[in-house]
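Participant: Read off the chains here:
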Amino acid sequence: MVDKKQTKSYKRAQSTAGTRSIESEVTSDSQARNLLANQPKLTPKSKTPQKSLKTVRKEQKVIRLYGKKKAPREYTEKELDIPKLNMAVNPGVIVKKSGKKGKVFIADNDPLVYTRLIRQINDSRDSINESKLEKSRRLEEIRELRKQEMERKEQEKVDKIENKKAEIKNKANLARANRRKDNKGSAEAAKPKKRGVSFA
Amino acid sequence: MPPLTEEETKVVFEKLANYIGRNITFLIDNKEDPHVFRLQKDRVYYVSEKIAKFATSVSRQNLMSLGVCFGKFTKTGNFRLHITALSYLAQYAKYKVWIKQNGEMPFLYGNHVLKAHIGKMSDDIPEHAGVVVYSMHDIPLGFGVSAKSTTEARGLQPNSIVAFRQSDVGEYLREEDTLFS
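First to last, the protein sequences are chains H and P.
Here the UniProt record's numbering is used: position 12 in the first sequence is 12, and no number is missing along the way.
Here the UniProt record's numbering is used: position 94 in the second sequence is 94, and no number is missing along the way.
FYI, nobody ran anything at the bench for these hints, they're computed from the structure.
Ideal Cβ positions, reconstructed from N, Cα and C, are used throughout, including at glycine.
Take the hints with a grain of salt, since some may be wrong.
[As the list claims (entries may be wrong)] Ranges of calculated distance between the beta carbons of each label pair, as one might list FRET restraints:
| no. | chain 1 | residue 1 | chain 2 | residue 2 | range |
| --- | --- | --- | --- | --- | --- |
| 1 | P | K10 | H | P91 | 18 to 26 Å |
| 2 | H | M150 | P | H128 | 30 to 38 Å |
| 3 | H | M150 | P | K10 | 14 to 22 Å |
| 4 | P | T74 | H | A88 | 44 to 52 Å |
| 5 | P | V58 | H | I161 | 35 to 43 Å |
| 6 | H | D108 | P | H128 | 18 to 26 Å |
| 7 | H | Q155 | P | P34 | 20 to 28 Å |
| 8 | H | D126 | P | Q61 | 53 to 61 Å |
| 9 | H | A88 | P | Q61 | 46 to 54 Å |
[Said to hold, decoys possible] Here are the simulated EDC-like cross-link-like pairs (lysine to aspartate or glutamate), alpha carbons at most 16 Å apart as the crow flies:
| no. | chain 1 | residue 1 | chain 2 | residue 2 |
| --- | --- | --- | --- | --- |
| 10 | P | K94 | H | D110 |
| 11 | H | K103 | P | D138 |
| 12 | P | K31 | H | D123 |
| 13 | P | K15 | H | E149 |
| 14 | P | K50 | H | D123 |
| 15 | P | K100 | P | E49 |
| 16 | P | K53 | H | D123 |
| 17 | P | K10 | H | D110 |
| 18 | P | K10 | H | E59 |
| 19 | H | K103 | P | E7 |
| 20 | P | K10 | H | D108 |
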């Protein structure tokens with residue numbers, strides 16, 4: 001049996017099968033179209049669907065009754081008070097550093113710092129034959145001292161804040177107490193003296 | 001008269017550790033009479049806390065000295081031990097060298113310690129370690145740095161150096177005018 005695709009008629013049909021659409025120049029060429037007296041399709045169809053007459057009437061009726069709805073106001077950039085440059089905004093108050101910071105002295109008889117220093121210096125000097133375990137233990141002790149120092153520093157900071165808080169609180173309390181006392185005193189002073197009657 | 005900062009303390013302790021090792025702890029932990037370090041100009045003083053407090057009543061320019069001067073900071077930031085620190089170094093010394101009577105005078109005139117002058121020495125001295133020099137009557141004469149370890153020093157010639165002199169009590173006379181000013 002002969003394959004259909006191999007027949008001469010099929011091949012001829014395939015080679016001549018191209019279609020051609022004919023479009024008049026009046027529609028495709030804009031210059032030609034301009035020469036026409038009647039120009040029916042010059043304005044392109046709007047993409048938004050047209051409102052039906054019914055809805056338009058309804059809207060007009062509502063406007064007549066309640067007035068036209070105001071469109072939400074659009075602000076200009078000037079009105080919005082936007083910062084001119086794109087700068088970072090400081091979160092909260094930042095105190096500027098100023099002046100020399102000064103030396104930080106070791107407090108007299110500060111056992112933590114002194115013992116740490118002595119250990120560190122001597123450990124680096126002595127060439128000790130030690131196992132890994134011993135070494136790790138030795139280093140751990142130094143680390144522990146450092147940790148304690150840091151904790152102490154933190155604690156000092158917290159204490160400072162707490163002290164200040166307490167001071168402010170006390171101040172307010174004291175002031176309140178004084179005010180009350182004063183008020184009491186003035187109230188007593190303001191009491192009219194009982195008029196007595198004396199007989200001669 | 002300020003105390004030392006951590007960096008300064010480190011430099012001073014590194015020098016001290018050459019001679020007294022971990023015995024620095026004894027300088028700091030003195031429960032009966034606590035001592036402190038004080039910096040006056042470039043000199044470091046080791047003072048009883050009580051005296052340091054008294055010293056606050058003297059103005060800095062007028063204060064010449066207080067306590068025991070351990071040494072001074074050089075312009076380059078190193079620390080140099082003075083002979084005045086000898087009493088403490090001798091007390092806590094790690095490595096010791098005793099010199100015979102015939103070696104005392106040469107040492108006190110500023111010479112190094114020779115093998116011929118050595119009466120005895122600590123057993124375990126390594127090379128280039130700080131040693132304190134004593135007379136045979138256990139009187140501290142000065143301090144220096146070992147040139148050879150103890151074992152190596154045994155095989156040395158009599159005229160070879162065992163310890164390099166750093167400081168000796170002869171300086172009290174030789175350096176009299178600069179030692180305390």
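Participant: Does the hinted range 14 to 22 Å hold for M150 of chain H and K10 of chain P at CB?
Facilitator: holds, 18 Å
Participant: Given the hinted pair K10 of chain P and D110 of chain H, is their alpha-carbon gap at most 16 Å?
Facilitator: The given pair, whose Cα atoms are some 14 Å apart, holds under the 16 Å limit.
Participant: Is the straight-line distance between the alpha-carbon of K15 of chain P and that of E149 of chain H 16 Å or less?
Facilitator: violated, 24 Å
Participant: Do the Cβ positions of T74 of chain P and A88 of chain H conform to the proposed distance bound of 44 to 52 Å?
Facilitator: Given about 47 Å between the Cβ atoms, the range holds.
Participant: Would you say the C-beta atoms of M150 of chain H and H128 of chain P sit inside 30 to 38 Å of each other?
Facilitator: holds, 36 Å
Participant: Can you confirm whether the C-alpha distance between K53 of chain P and D123 of chain H stays at or below 16 Å?
Facilitator: The hint is violated at about 34 Å.
Participant: Just to be careful, I want the Cα atoms of K50 of chain P and D123 of chain H compared with a cutoff of 16 Å; is the pair within it?
Facilitator: Roughly 32 Å between the alpha carbons, so the hint for K50 of chain P and D123 of chain H is violated.
Participant: Quickly compare the C-alpha distance for K31 of chain P and D123 of chain H to 16 Å and report which way the hint goes.
Facilitator: Violated, at about 25 Å.
Participant: Would you check the hint for K103 of chain H and E7 of chain P, treating anything up to 16 Å between C-alpha atoms as holding?
Facilitator: holds, 10 Å
Participant: Given the proposed pairing of K100 of chain P with E49 of chain P, does the C-alpha separation stay at or below 16 Å?
Facilitator: Violated: K100 of chain P and E49 of chain P sit about 39 Å apart, past 16 Å.
Participant: May I ask you to test the hint 35 to 43 Å on the CB atoms belonging to V58 of chain P and I161 of chain H?
Facilitator: Taking Cβ atoms as reference, V58 of chain P and I161 of chain H lie about 38 Å apart, which means the hint holds.
Participant: Does 46 to 54 Å hold as the CB distance between A88 of chain H and Q61 of chain P, or does it fail?
Facilitator: holds, 50 Å
In terms of the numbered hints stated before, the structure departs from hints 1, 6, 8, 10, 11, 12, 13, 14, 15, 16 and 18, listed from lowest to highest.
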